[in-house]
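Q: The chain contents come next:
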Amino acid sequence: MNSTFHLANLLTEPPGIAHFMTVGAVLFVCGAMCMATKRNALGVLMGIELVLNGANMNFVAFGSQYLQNGGEYLGLDGPLMALFVIVLAAAEAAVALAIALNFYNNHDSIDVDRADQLQG
Amino acid sequence: MGAFLDNYLPSWLAYTLAALVHIFLLLNLIAVGALVFIWLERKISGRIQDRLGPTRVGGKFGWLQTLADGLKLITKEDLMPVGADALLFRAAPYVSFAASVTAFMAIPFAGGAYPWVAQRLNTGVFFVIAVIGLEVFGVILAGYSSASKWSLFGAMREAAQVVSYEVPLGMCAVVPVLLAGSMDLVVIGDQQAGWFTNWFLFNDPATFITFWVYFTCATASVNRAPFDLAEAESELVAGFHTEYSGLRWSFFFMAEYGSMLSVSLLASILFLGGWHGPIPVASMLGLTYENGAVAGYLGNLLGCVNILLKGVLGVSVMMWVRWTLPRLRIDQVMTTCLKYCTPIAAAMFLGAIMWQYYLPHRNFFGLLPANESAYAVHEGWADQEGISSAGAVNMVEAADDSRGGLAVEGAGSAALLFDPATPSTSHVASAERGG
Amino acid sequence: MEPIYWPSFFFYLFAILACGFAVAVLLSANIVRMAFYLVLSLAATSGLFFLAGQEFIGAMQLLIYVGGTLVLLVFGVMLTSQERFVSMKTMSGDWFIGLMAGGALLSLLAAAAFSVPQWGSPDRAAVENLPVQKTAAPIAMGLLGARVDQPGPDEPQRGVMSGYLLHFEIVSVHLLVVLVGAAYLARAKRKTAPAPGV
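Protein chains in written order, with the working numbering: chain A, 5 to 124; chain B, 161 to 595; chain C, 15 to 212.
Since the hints were derived computationally from the structure, they do not count as laboratory data.
Ideal placement from N, C-alpha and C gives every residue a C-beta, glycine not left out.
Mixed in with the good hints, there may be bad ones.
As the list claims (entries may be wrong) - Computed footprint of chain C on chain B; a stretch qualifies when at least three of its residues, placed anywhere within it, have a C-beta under 8 angstroms from a C-beta of chain C: (1) 164-175; (2) 279-292; (3) 320-326; (4) 495-503.
What the hints assert, rightly or not - Cβ-to-Cβ under 7 angstroms is the rule here; a few derived chain C residues that face chain A: (5) Phe-23; (6) Phe-24; (7) Leu-27; (8) Val-37.
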């Protein structure tokens, strides 16, 4: 149970759940910032994809038998939830793209800052 | 191979060497394949148009014509339009080529106890289809970064076409997976061992039709005529590669010919018995690993030749189609996919399930009994609970006696799951009972 | 010194690729390059899935996500770009707030991940001796409603209860609804009545 992070044995000890979670966190944060800062609607959509992948990484890590160190083991729940996330992300992208195209047809732009007609 | 070298060398060197040998062989297969296929295409197109094709370079038959073409391409100037996005424009051909090469990593060239495959994956079918689908990114990037409207139109057509055709392609590939009960390409190929009557092509009418749908969709997904809208030279100059020249252009063509070969090899593994010939010559001559390593190696070599011949046959049929049929319009391409291929593939998927349900353990259109090894699928999770695969076979037979069994998706697991008559040693066996 | 654990090396390789290209998606202003970096980032992520032993999920990530969803996205980019290589600059105030919030979130998540000892590196010998799982059948069984990995000792029905058949059906219906809805939303609207005979 070696939880501290030593640079020296970086390559000699196998990656654990925490390592995968860190990668997931980086993807998640990048995606969230993409969603916050991009003005192009499709850029926002790409941010969403990154966020979903960051979350997926956690599911896969907790469901993998190779990363277990005596903690909770999700078993099959991990890969199955990851599968659902992938499928729903595809569905979400299709609908979001349809909305973006519709918006583009009406406004000649996909700048999300111009979608302010419902502002009171 | 890596595990073998590991006994004699330090492990990093052993695995790196093994990987390099695999990569070397596969790259050579693609490069030499492209060389041969381009020559073959010229000859075939020549014959179809009542010409001779290349005749001079390299003596007889013009067989060095491609090499001469290659030399010409290498010496050409590498041009790039002023308005192009330099990074993407330069990267695009390599993206295409890398996707094309990666597909070969998971394709086995011989099966048996020691399959010839660079990386055996238990989800081989889906990996190969997925990676072949990635080739489209190179085309899209090339079209978009070229700063030319012809390229952009070509790329958009390609994007729409490939995304649409992946659906029926995946559906067709699921049918052999269903029959074999495994997504491992080595397992799928080895279940069709023996005479050609064991091929999944002849398993039932549904798979027979599925094969032709698969071949149509594969032709479309590798962007070959009559579906080569992305490079329709009568409308779009040259489509996505209008602005390319020299070596970068030739990478697109290596990728295209590589993909043609990989979908043909996949077709031959899924439907045409893979490395098992129409007549089981290798097992007749005793060329298996039971008779020693040399005999087994020779048997694998024979299988490798066999599957490559089938692959080349598939590529030749694609060329024949290309020079025979006129190019479709883009709306006709989409109609073919969405209104014909997808519904037919779905119906044939259902048909294959029904056939397996009512006529289990038969092949060659239900005329012959299937050999036992073809439906006793070894399931890893059954092992974990102390059930041997031999036990699974017995259960399948018990299931046969009681109510015909359910041979869908690996009869072993299906019998474990769904048959109430099975003496239950597994916790899983309760699905039907509980519901 | 212990010999190098090679999966660890490949983990860091793919992790650096995935994270690096994710940052590139964030920093790039050109929407087409963003899409390209996103493709590479997600492909590296699928490499990580393969490395975690989830080959089916990795293949599905490549097939559905990279090969399907992202091609769709790039298609959308091509349909909606007004001028060549459209770029919409982010305002610097947005960058500042975003970096603050993102940095705080990232440090929080990373610290949380490494603070639980059970989530750290597993024992090397134990991992190397694990049997290789050669089949994706448990996933299929789970989707059909039967769990093979955690059956109840005395209650066989529990296998049915903990499966995912209902979720699978809901997702299927959801996909159908999305298919119809997306086709309805994105269809070309006729401005005027079609001319007779067209």
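Q: Would you mind marking each hint as holding or not holding in the structure?
A: Status of each hint after checking the structure:
Residues of the stretch 164-175 of chain B with a Cβ under 8 angstroms from some Cβ of chain C number 3, which satisfies the need for three, so the listed coverage holds. As drawn, the stretch 279-292 of chain B meets chain C at 8 residues by the rule of a beta-carbon pair under 8 angstroms; at three or more, the given contact holds. Using a Cβ-Cβ cut-off of 8 angstroms, 4 residues of the stretch 320-326 of chain B lie near chain C, which meets the minimum of three, so the contact claim holds. With 0 residues bearing a CB less than 8 angstroms from a CB of chain C, the stretch 495-503 of chain B misses the requirement of three and the coverage assertion fails.
Residue-level restraint check for Phe-23 (chain C) holds (minimum Cβ-Cβ distance to chain A is 6 angstroms; threshold 7 angstroms). The closest approach between the C-beta of Phe-24 (chain C) and any C-beta of chain A is roughly 9 angstroms, which is over the 7 angstroms cut-off, so the hint fails. The restraint placing Leu-27 (chain C) at the interface with chain A is violated, with a minimum CB-CB distance near 11 angstroms, outside the 7 angstroms limit. Contact between Val-37 (chain C) and chain A, as hinted, is supported at the beta carbon level, the nearest pair being about 6 angstroms apart and thus within 7 angstroms.
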